[in-house]
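Single-letter residue listing:
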Amino acid sequence: MDLEKNKIKTAFVAPESYFQDLEARILSEINISPISKLKLEAPSVYFDELESNILAKAKLDELLAIQKLPIPENYFENFENRILALSKMDGLLHKEATSGYFEKLEQNILAEARIDAMQGIDELPVPKAYFDTLSENVISKTASKPKFSIFKNVTLFRSAAAVAMIALAALGYSVLKPEAAPQDQLAEISSEAMVAYLTEQPIMAEDLQFVIGDNEGILPTEVSDSDVSAYLVENGI
Amino acid sequence: MKDEDIIQLLENKETYEEAFKAILKTYKEKLYFLVRKIVIDHDDADDVTQEAFIKIWRNLDKFRGDSKLYTWLYRIATNEALTFLQKKKRDRSVSLDDNEILVSKLESPKSDTYLSGDEIQVKLQKALLELTDKQRIVFNLKYFENLKYEEIAEITDTSVGGLKATYHFAVKKIEEYLTKN
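Residue numbers (the numbering used here), protein chains in the order written: chain A, 1 to 237; chain B, 1001 to 1181.
Hints are not guaranteed to be accurate.
Each pair of labels, with its calculated beta carbon distance range [as the list claims (entries may be wrong)]: (1) A:Val45 to B:Asp1005: 35 to 45 angstroms; (2) A:Glu4 to B:Arg1075: 19 to 29 angstroms; (3) A:Asp61 to B:Arg1090: 21 to 31 angstroms; (4) A:Tyr46 to B:Lys1164: 51 to 61 angstroms; (5) A:Asn53 to B:Asn1146: 47 to 57 angstroms; (6) B:Gln1086 to A:Ser52: 46 to 56 angstroms; (7) B:Arg1090 to A:Asn53: 38 to 48 angstroms; (8) A:Tyr46 to B:Arg1075: 36 to 46 angstroms; (9) B:Asn1146 to A:Ile54: 48 to 58 angstroms; (10) B:Ser1116 to A:Tyr46: 55 to 65 angstroms; (11) A:Asp61 to B:Lys1068: 49 to 59 angstroms; (12) B:Asp1091 to A:Leu50: 28 to 38 angstroms; (13) A:Tyr46 to B:Lys1068: 39 to 49 angstroms; (14) B:Glu1014 to A:Leu50: 19 to 29 angstroms.
Simulated crosslink set (DSBU-like; lysine-lysine; CA at most 35 angstroms straight-line) [said to hold, decoys possible]: (15) B:Lys1013 to B:Lys1089; (16) B:Lys1068 to B:Lys1126; (17) A:Lys9 to B:Lys1013; (18) B:Lys1164 to A:Lys9; (19) A:Lys57 to B:Lys1088.
What the simulated footprint calls covered on chain B by chain A, stretch by stretch (three residues with Cβ under 8 angstroms from a Cβ of chain A suffice, anywhere in the stretch; the number is not a length) [to be verified]: (20) 1015–1025; (21) 1044–1056; (22) 1144–1154.
It is worth saying that the hints were derived from the structure and are not from the lab.
Positions of the beta carbon are idealized from the N, C-alpha and C atoms, including for glycine.
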């Protein structure tokens, strides 16, 4: 059978009045008629604010449309180091100086400057004959000063020695005297008599040994008898 | 109203409504039968036709005049019909031959089948159901609508050479069916 030669029509038919209804149904479906009669109104200030609202939105859209901001080359490679450096600097800025730091700062800096200035110098200038007198100067400044000693004061030493002699004599008598006779045999001797006695008798070096001891420089022979006598007289002994 | 007049109305948004009413008036039957031959059932065709016109209304501003008005309208209607068939096939829980249901609708003795014509016309419709959906569409547009291959190419988005091959194959298959049956 040749379809082209024997044209066959379609067997399909539509219900009666279908197409009349179809038009109305489609128009009502898309609400064409009601919309064309409806009068729409806008709020009173709508158009006054419309322009600024649109411009603001356009600006926002512009910002949002920025997909990719240009980034400097190697930016992220050095990023970490820069942040760490900034954080360290920030820590230093907030550090507090130790008390008295600024007061001594000037001196310290000047001292450092002097040291720096001397670093390059191989030979510093020295006053003439400095080293020759150096040792003497050091000794004179560092030797210990003599303390006051009774043995240096000769007059005083003689007087003290005389008193000590008297005391020893008294002590010796009291020890050596016989026990049976507790009586103080020196009690009858007056002081003047004792002084006269001592004056007549020379004080020997060995008598003063217990006083001098190991002291150097002081010789018992330097204290004469007349000195001792004079002392005793002066002091009413 | 002629297509040129409707196209003129489409140039101004304020006359869109008038243009659409003109389209509706001019093409309601053509689009209905175009869809009916694809989906077979009247009720299904009614649904698809309404959907097609609603889609046309919503896309009036997209018609740029670089193609003919009727090819643009046919394209929308054909795509809606194909989408409908694909959705119906997906919704079926029982696996059946795609066109068996359509054949059963053709053979249904119900009065709302809306099938008229002699035996050969009915046979032809059954023969068409032996083809794939796309083959059927190409055959319908070429055989029943008498469109040129270039126009069919715009509607189906297929090459002219492919369409010729498809139509030739469809004709052969239908002739075999009609000869056998």
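Determine which of the earlier numbered hints do not hold for this structure and return their numbers in increasing order. Hints 3, 11, 12, 15, 17, 19 and 22 not satisfied by this model.
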